[in-house]
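Protein chains in written order, with numbering that gives the first Met the number 0: chain A, 0 to 132; chain B, 0 to 410.
I should point out that these hints are in silico values taken from the structure, not numbers from a laboratory.
Take every hint as true, because none was put in to throw you off.
30 Å max Cα-Cα, derived DSBU-like pairs, lysine-lysine: (1) Lys7(B) x Lys127(A); (2) Lys43(A) x Lys372(B); (3) Lys62(B) x Lys11(A); (4) Lys7(B) x Lys11(A); (5) Lys318(B) x Lys372(B); (6) Lys43(A) x Lys280(B).
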Amino acid sequence: MNEIIARHAIGKTVRGTTLVAHDGFSARYDLDRIAGVFSRPAHKLVGQSYVGKILVLDTAKGGVASAWMLHEMASRSAVPLALVFNTVNPILAQGAAFGGLTMLAGFDEDITACVPHGALVEIDPVRKVLRIL
Amino acid sequence: MNLNDEEKAILAGEVGPIPRLCLEHQIAVGDFFGAEDFVPVTQAHIMADTESLGQAGVMWLEKLGAMQGGQHQVRIPTITDPRGTDFSKAGALRQGEWMVELERRAIDSFVKLGVSMTDTCINYQTIQAPTRGEHLAFGDTGVVIYSNSVCGARSNFEGGPSALAAGMTGRTPRYGFHLDAAREATVRIRTDFTPRTLNDWGALGGVVGRLAGNYWSVPVVEGLEAAPGSDALKHFGAAMASFGSIALFHLVGITPEAVRLEDVRGDRLPVAHRIGEAEVKALQSSYATDDEIDVVVFSAPQLSLYELRDLAALCDGRKLIRPMLAVTSPQIKPDADRMGITRRIEEAGGMVLSGMCFYQSYAREIAEANGWKRLATNSAKLVNILGGYGYVPMLASMERCVHAAETGRLS
Numbered sequence: 000m001n002e003i004i005a006r007h008a009i010g011k012t013v014r015g016t017t018l019v020a021h022d023g024f025s026a027r028y029d030l031d032r033i034a035g036v037f038s039r040p041a042h043k044l045v046g047q048s049y050v051g052k053i054l055v056l057d058t059a060k061g062g063v064a065s066a067w068m069l070h071e072m073a074s075r076s077a078v079p080l081a082l083v084f085n086t087v088n089p090i091l092a093q094g095a096a097f098g099g100l101t102m103l104a105g106f107d108e109d110i111t112a113c114v115p116h117g118a119l120v121e122i123d124p125v126r127k128v129l130r131i132l
Numbered sequence: 000m001n002l003n004d005e006e007k008a009i010l011a012g013e014v015g016p017i018p019r020l021c022l023e024h025q026i027a028v029g030d031f032f033g034a035e036d037f038v039p040v041t042q043a044h045i046m047a048d049t050e051s052l053g054q055a056g057v058m059w060l061e062k063l064g065a066m067q068g069g070q071h072q073v074r075i076p077t078i079t080d081p082r083g084t085d086f087s088k089a090g091a092l093r094q095g096e097w098m099v100e101l102e103r104r105a106i107d108s109f110v111k112l113g114v115s116m117t118d119t120c121i122n123y124q125t126i127q128a129p130t131r132g133e134h135l136a137f138g139d140t141g142v143v144i145y146s147n148s149v150c151g152a153r154s155n156f157e158g159g160p161s162a163l164a165a166g167m168t169g170r171t172p173r174y175g176f177h178l179d180a181a182r183e184a185t186v187r188i189r190t191d192f193t194p195r196t197l198n199d200w201g202a203l204g205g206v207v208g209r210l211a212g213n214y215w216s217v218p219v220v221e222g223l224e225a226a227p228g229s230d231a232l233k234h235f236g237a238a239m240a241s242f243g244s245i246a247l248f249h250l251v252g253i254t255p256e257a258v259r260l261e262d263v264r265g266d267r268l269p270v271a272h273r274i275g276e277a278e279v280k281a282l283q284s285s286y287a288t289d290d291e292i293d294v295v296v297f298s299a300p301q302l303s304l305y306e307l308r309d310l311a312a313l314c315d316g317r318k319l320i321r322p323m324l325a326v327t328s329p330q331i332k333p334d335a336d337r338m339g340i341t342r343r344i345e346e347a348g349g350m351v352l353s354g355m356c357f358y359q360s361y362a363r364e365i366a367e368a369n370g371w372k373r374l375a376t377n378s379a380k381l382v383n384i385l386g387g388y389g390y391v392p393m394l395a396s397m398e399r400c401v402h403a404a405e406t407g408r409l410s
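With the hints as extra help, turn the sequences into a complete structure.
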């Protein structure tokens, strides 16, 4: 079992499958929130469904809308299970707090290189740990 | 977080259920970032278009507005970012009645909470410019980066729920750009290209944003030959925030905290990147994938009176064959009407809208309703956003965009 420690954490413990890319994340810029897929043509996860997945990405990008959008997506159960970033901006933290999402951020290594795409992982925000199962 | 007596009272519910709910949210965010305490703020600015809120967000606002007891309105001046429609033009945009109705419900809720519906993302040009050192809770990344960088004020990106919370409690967690240490330069960039057009300023901001990389980076830029005007810095900052999630930049000898490079500790940094005209043009040409266009949009940020004046001059004597939308704030629009600027744009076939922003107005749905895909604009921020909405956006000067609206082609 491989454990990776984060500096920032919020939410409840979850377990799920990862979607990993060294790319950014913005709910407005990158997603078709109705279809539940990445829609920005240049995004490395374009066309892939994010619903129920643990997204492991480089950094939060773009605008402030993500705070409302995560809440709206959660209301339709069409939201990622958790978000994991090398670096995060306040909007994603605010959105996670408002939408009740689990999130980790801030690692000593590039988290997108440490976690395999499609891996089963557990996120424990109390201990600020990502566990590869 | 360390709470003072007033904050403890709010958390205990002594001021009412709404401030308590708001403070609980703020503490969760503050704890995430390791904030030691709160800092009082003087203004809040809420991004809350209904495309972002959805039904769930509007219902949450309605629930908040219906709470009884104690303080139920904001305690500091709290204003709004653009709405999701211009009610007088919703039909022309082919927006659905459900969109308009959702906007009305959101507005009713905000008014009950004491929020002033300014509906603008250029409040630093139209409502009240922040001052150096003023602590704020501003939403809209373009508003934050301009206020931090050009005005020397202090704000993090505050999403809608957090900005509303700050309006209710009059404070925000003290982390990020409220702190001196976070405002020092982290990446030093030199340019030998001083743009002349707004699209070039936006593209330069986009290049800097991509290079700087994330929210916590603070680029300091050297080499600009002259001080840009407010509209230039508006496009420069909005694009930098959009492409890089950047909230603060310094321009040596221009912005207030960087009179000298060493003022922001830029002198200890090596020059990490050099940007010339080629890099700025390359960003723009990367979007030039089609010659024909379906629609021209001037928005993101909303246009100032000077931008509208320039647009009107370009429209004089032309007949546009493609839709051309120019979006401004509710504060600018009456002046544009009174001075005949609106009439000149609309006589050519354009449409002047106010109180909304194109990408915040159900961009995907109005594209489908109107058959719009290939879009020309002079806003670098807009081209960065609209790809995810299914558009093929292209970046060009205001002059070339008007020509495209007249001929249907960008070349």
